[in-house]
Amino acid sequence: MNQLETLLPLNTTEHLSDLSTPLMEQVCEAWTQLQTQQPLVHIITNGVANNYVANVLLAAGASPAMIDNPFEAESFVRIASALNINLGMPTSEQMQAMQIAAQTAQHMAKPWVLDPVGYGPALPWRSEMTNQLIQYAPTVIRGNASEISALAGNQVESKGVDSTLDSAEAYLQATSLLEYASCIAISGESDYILSKELNAVIQVKGGSFLQPKITASGCALGALTAAYCAVSNATVGTVAAHIHFAIAGKKAYERANTVGSFNVAFLDELHCLDADSLHQYQDLYITAL
Amino acid sequence: MNQLETLLPLNTTEHLSDLSTPLMEQVCEAWTQLQTQQPLVHIITNGVANNYVANVLLAAGASPAMIDNPFEAESFVRIASALNINLGMPTSEQMQAMQIAAQTAQHMAKPWVLDPVGYGPALPWRSEMTNQLIQYAPTVIRGNASEISALAGNQVESKGVDSTLDSAEAYLQATSLLEYASCIAISGESDYILSKELNAVIQVKGGSFLQPKITASGCALGALTAAYCAVSNATVGTVAAHIHFAIAGKKAYERANTVGSFNVAFLDELHCLDADSLHQYQDLYITAL
Amino acid sequence: MNQLETLLPLNTTEHLSDLSTPLMEQVCEAWTQLQTQQPLVHIITNGVANNYVANVLLAAGASPAMIDNPFEAESFVRIASALNINLGMPTSEQMQAMQIAAQTAQHMAKPWVLDPVGYGPALPWRSEMTNQLIQYAPTVIRGNASEISALAGNQVESKGVDSTLDSAEAYLQATSLLEYASCIAISGESDYILSKELNAVIQVKGGSFLQPKITASGCALGALTAAYCAVSNATVGTVAAHIHFAIAGKKAYERANTVGSFNVAFLDELHCLDADSLHQYQDLYITAL
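Chains as they are written, first to last, in the numbering used here: chain X, 1 to 289; chain L, 1 to 289; chain A, 1 to 289.
Just to be clear, a hint being listed does not mean it is correct.
Note that the list lumps identical chains together, so a pair holds whenever it fits in one copy or between two copies.
As the list claims (entries may be wrong) - Under the rule of at most 20 Å between Cα atoms (straight-line distance), these lysine to any residue pairs were calculated in the SDA-like manner:
(1) Lys196 / Glu179
(2) Lys159 / Ser75
(3) Lys196 / Ala109
(4) Lys213 / Gln37
Think of the hints as simulated: they come from the structure by calculation, not from any bench.
Next up, chain X with everything else stripped away, as it sits in the complex:
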């Protein structure tokens, strides 16, 4: 899986662009592995997201299990292939489960994805917990531009749990977070994935402008990232999840152009993705950091 690493370090955008072909081959291999292995993903997420995230992962090929009590968090991380922790609507019991699960994942070297929903001064309880969780070495930190930028120490405005910042602006502010995680993924009109391994940023285009109108889209993307990291390395897994999402979004919008119908079509397209559409629809750019 470390084919890309041997090409590094690279100093120019041009050279990195040449990487997009082998990266896409690895992405296709990750997709195949996801269908074959159907990895068990331990998910601690929020009450808005639970049902949708489970359906997204089932549609995409993974096997989700929402286990968010502190009494089973450790034993379940042990049997799961990856973990996703999302701070969207924390309860006291979930907070305990998050700490135990993150600690166990680090201890057992299982890939795990941290989704710091709502990070910022208006939501201090979860932000403090996020600061603690980040110490357990998440494989990937995934959020919207406002959350990632705030987590990187910038003063940013957000609007509740929605971003007011462009993902293209945020990724430059996020490099410091590579100290904590192998990848930082920022979702937006384009998604940006910072890779410590490649010392590069991968831009994933696609999706649909309707995606932010479907609640818990980002939460589902974080969980799918965990699923892909169970069958691939951090960079390829994170990129694969984002491409899977972006292509399904683009194809869904071709069929259905308003929110209710789009969401139904999106689940269909997540399920129907294959290697051909991965190659045909991918819209990927790589730049050195």
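Following the hints, position chains L and A against chain X.
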């Protein structure tokens, strides 16, 4: 926004009917403001409703955030434009959050909507909490006929969380609740909105007989009422939310006449509503109290 | 309702096959009663399932109410017609509510369905609670093959909350559970229902291979079983719920062959089922135990 107030008091139905035109103009203006401002709505609701309510608000133009822990309730009400509290499936932590949020909303004069789901003797814990919350001066109290009638002190039967009473019967019993809130909204085959400001009841027709077959429809209507109250006054905001819902329901049923398809079409129609359909489809009646 | 009982005991498969006609008549009667009575079902289920289960029950004709706090569990079981307890994502408060509700249901002889989601060594907290709940004499225990087999004392592997065992293998291992409940229902490619009353196993064919790709399908089936047991006896009620599901799944797949669209069609078909399609589409086999 107080154009209507100057016409009052009115003593006959005929005079009040004349109000429906200026009221519809204000409703259209509220809809435009909702699209423009996309107000941040702090929502504390139940586990059945969370995902659906968030998608309804996003489809309609608002920006929902479900924050239901007691540790962030105060700080989030401070940045939100409106608050919705729904007692559908309370937990102990939610109950604490509800009190803090309601108190903060009253203190900061932010509009807030109370949805007393299941109020009545079979559900004493939430009913006692509702009695406390009502003291924090909700802007609007919204429920089905059984809940509103029980809250007004009548002995009514309900069937779990569903009403056994007609909304047309309940509104006459609900006038005493105007002591606590600016508007009382009762959903049913027709919706009835009692306005303290107008000293009138507004009947909103439309919707579909399939609406009660979609769970959390009423919860979503309560949250949408909060969103509209963030960009308008209590009467216009409450009426606007109910008209928005009723028209989307009516148009959805024209496209899809059974529950699964109807619900998808309903989200589509909530999103596609515009000023033209507001005028064309509204079915509104005003009567003096 | 005890027409079948008088024919027992039966010793051969052939004799039992003859039962399928009267059983189908009872199933049709149960469906009619469900539409007429719209029984109130008290549901304590998980955060993934809440919304979906409520919509499934509404579509099918029942009246669901999710009441999962310990302070209202007793009073609500008293007014409900049946109870469904599902251990998918327990919280400490839910656990207390489950015990109170199960105890009250037993005390008041109300039908109740236990769904031991995730039962097994990887999830010890809920498994211990399931062991306690089973003492309150559930009317029906419903789960997937892994869960039911593990509950019957076998060492089985599961994959998170999904089964790795075939339902056809599991039912032979499950007979010991008839000590605790009147019916044991095992969902899978075919569903198997063990009936203490008939001393027989009923195989229900139908559904769609897409059903396991929709999260909380099993949870919804458990709740629907509770609804049917409110209007029928344990055997007929359990069989009716499984046939209702299987036919809706089969018909939905005729209209929509991928996950998002299938799920919409499934809710439509649950709602549109009638006595004709029950007879036309049923695919039922009875064998003596």
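Outcome of the hint check:
1. Lys196 / Glu179: within (9 Å within a copy, 58 Å between copies)
2. Lys159 / Ser75: Between copies only: 13 Å across chains, 37 Å inside a chain, cut-off 20 Å.
3. Lys196 / Ala109: within (17 Å within a copy, 48 Å between copies)
4. Lys213 / Gln37: For Lys213 and Gln37, the Cα distance is within 20 Å only across copies (15 Å; inside one copy 32 Å).
Hint compliance for this structure: every hint is met.
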